[in-house]
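> The residues making up each chain are set out below.
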Amino acid sequence: MQEHDTAWVRTEMALAQQAPAGVRGPIAWVRKNLVGSVGDVILTVLGIALVVMILPPIINWAFIDAVWTGPDRSVCATIAQGGTQPDGWSGACWAFVNAKFGQFMFGRYPIEERWRPILVAILFVALLVPLLIPRVPRKGLNAILLFLVLPIVAFVLLVGGMFGLPHVETQLWGGLLVTLSLAFVGIAVSLPFGIVLALGRRSKMPIVKMLCVIFIEFVRGIPLITVLFFASVMLPLFLPPGVSFDKFLRALIGFSLFAAAYMAEVVRGGLQAIPKGQYEGADSLGLGYWQKMNLIVLPQALKLVIPGIVNTFIGMLKDTSLVIIISMFDLLGVVKQNFSDPNWATPQTTKSGLIFAAFVFWLLCYGMSRYSMYTERRLDTGHKR
Amino acid sequence: MKHIAIGILGAGALGLMASAASATTLDDVKAKGFLQCGTNTGLAGFAAPDDKGEWKGIDVDFCRAVAAAVFGDGTKVKFTPLSAKERFTALQSGEVDILSRNTTWTINRDTALGLNFVGVTYYDGQGFMINAKKLPGVNSALQLSGAAVCVQSGTTTELNLADYFKANKMEYNPVVFEKLEEVNAAYDAGRCDVYTTDQSGLYGIRLTLSSPADHVVLPEIISKEPLGPAVRQGDDQWYHIVKWTYFALLQAEELGITQANVEEMKTSDNPEIKRVLGQEAETKIGTDLGVSNDWVVNIVKAVGNYGEMFERNVGTGSPLKIARGINALWTKGGLQYAPPIR
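These protein sequences, in sequence, are chains X and V.
Add 31 to the 1-based position in the first sequence for the working numbering, that's all there is to it.
Add 269 to the 1-based position in the second sequence for the working numbering, that's all there is to it.
Be aware that a few hints might be false.
Said to hold, decoys possible - Each computed BS3-like pair below joins lysine-lysine, with the alpha-carbon atoms no more than 25 Å apart:
1. V/Lys347 <-> V/Lys301
2. V/Lys512 <-> V/Lys493
3. V/Lys354 <-> X/Lys367
4. V/Lys435 <-> V/Lys347
5. X/Lys323 <-> X/Lys307
6. X/Lys382 <-> V/Lys321
7. X/Lys382 <-> V/Lys512
8. V/Lys345 <-> V/Lys321
9. V/Lys354 <-> X/Lys349
10. V/Lys354 <-> V/Lys448
11. V/Lys403 <-> V/Lys448
12. V/Lys512 <-> V/Lys553
13. X/Lys367 <-> V/Lys590
14. X/Lys382 <-> V/Lys590
15. V/Lys590 <-> V/Lys543
16. X/Lys367 <-> V/Lys301
17. X/Lys367 <-> V/Lys448
18. V/Lys347 <-> X/Lys367
19. V/Lys543 <-> V/Lys570
20. X/Lys349 <-> V/Lys448
Honestly, the hints are just simulated from the structure, not real lab data.
Keep in mind it's a predicted model, so treat the numbers as computed, not measured.
The shape of chain X in the complex, shown without the other chains:
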């Protein structure tokens, strides 16, 4: 028999117990975060009051009282406004968005030819999604298809005039089609150009360096509106009569060069963050200039500036709306253009159309931003704080 000096000794480990009810669970969370102090209580009450005040009217307006389909303005206007809704009614006019949806997507692209941009969109998604998912193999082939083959296929399909496809002038393009084609080309051109310009600016060769500095500083020194305006209004005056090249192409070139200059400075920021030892290490291994850049410097530099690059991309996507000043109609432009249709002019039309445009832009920009955060985490090797 074992003898004990003490009355009782626990021989097995006590099971871990839950924290006291006072510091866990939703009640504790509310205590800690919402009513922790007098200031917190006031803020919580104000916050709840604000939500209660704002949310129900928004939900009412956007969903419950909203009109989803209809032939013309009468469904979105009250009787006093010449419509059919009871007086005092206020709701979103999604019927307007519904009736104009084709235009918002493709502009005035002929209705019987709209399968062409749709096909391009399907191809684009089919190539983009596997490229974005790291597990899917054959990234090289995928990238070649997306950035070299798809633009050619898209050009043939969208412009037409060959293989029995009727020609569709870019004048008729509009809506999301213009927004996305400008943004995609801008992104696809600006990144490689930007890298080359950034490397050129840090080059030891004086002429290369000077040319890159002049280009970057000149383009960054003028507003995008000026570039677009010059391309659309001034250029035709200097060209010989009869010689004119497509306005969309002019905008596309202006837009891409503009984005490339900004991209160059973002990439240069990354290059400058790489310690000198990395360059010297590469040199001591006997790597040439391009090997050094490709294998050692750029992979590290680009990873560092992902937020900056995506920032530029998002900015570009939103800047596409500026083409309205040269009478090209991106998504926002087409939406605003359709406000002038007297068959849909009601007090609700403007709000509904703008909210729709904002929602589409938000989807695109938020998607890009989330993906960039995911990529940053995936590539985060050794810079974690």
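Take the given structure of chain X and dock chain V to it, following the hints.
Same frame as chain X, now just chain V:
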């Protein structure tokens, strides 16, 4: 030198003009197979896209009429939406064959800018809309002393407003905004009693107000805004075709020729109708102009006469419901008058 006054833009355009006009516009248009028409980017009743993306409005219908005169087919026209800044350059550089974009006819534009205005398809002018609830009993702009007036900044509208109130020794409080949407919202919210802009615009804006019945457009027009299509200077043949297309639309209305009855009218006994429709034996009116002899038939078939065009786009057939007013024919007390077609 005049060029200095016009500025670089106009001067550059004039320099190009001579070479651009080497072939006649009519030949160019026929070779292309369609008419290139510069229009507004979106203005209710003048040029606005419908649900299918087709352009609707007086200005675009006028281009369809010209296409019908040239090709016998009102659909052979392509539209180039132009901003206010681009419009003259587009015409001067030959990007468009005709500018039908609610453009006010002024001496400067007619002479120094190298354009020729063909006529006035819509007599517009700056007007006032008032909130009748806030200003009961007002039925003339001369009673507006002391009112708060919503106006867009940096426009001729703002200047005309100041002139008008000063000339009539009245006081007013300008409520000025940069963007049209802001002016609309402020007026609808009751921040001012009076809204002033072009009268045709007031009717469009009234559709977007929450209680349109409370708002009245006053009869006074305080500025002349004759809106009409323009072509390049230096091509008289083309100028005549466009100008007489406009007159033909008016003449058709005067003679009661409509889209519906134009085929029957061809066999009319009225010599004037027969002459206009090109049914007289050995008529040369159309061919002298450079188009076919049944050009008026084609025009009316494509867009109807001027009255039909007006009612369909801005008048009783449209949500805008603008009265004919001074845009009525001269026979009905308006200003629309066509020289005889003979």
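> Are there hints from earlier that the structure breaks, and if so, what are their numbers?
4, 7, 15, 16
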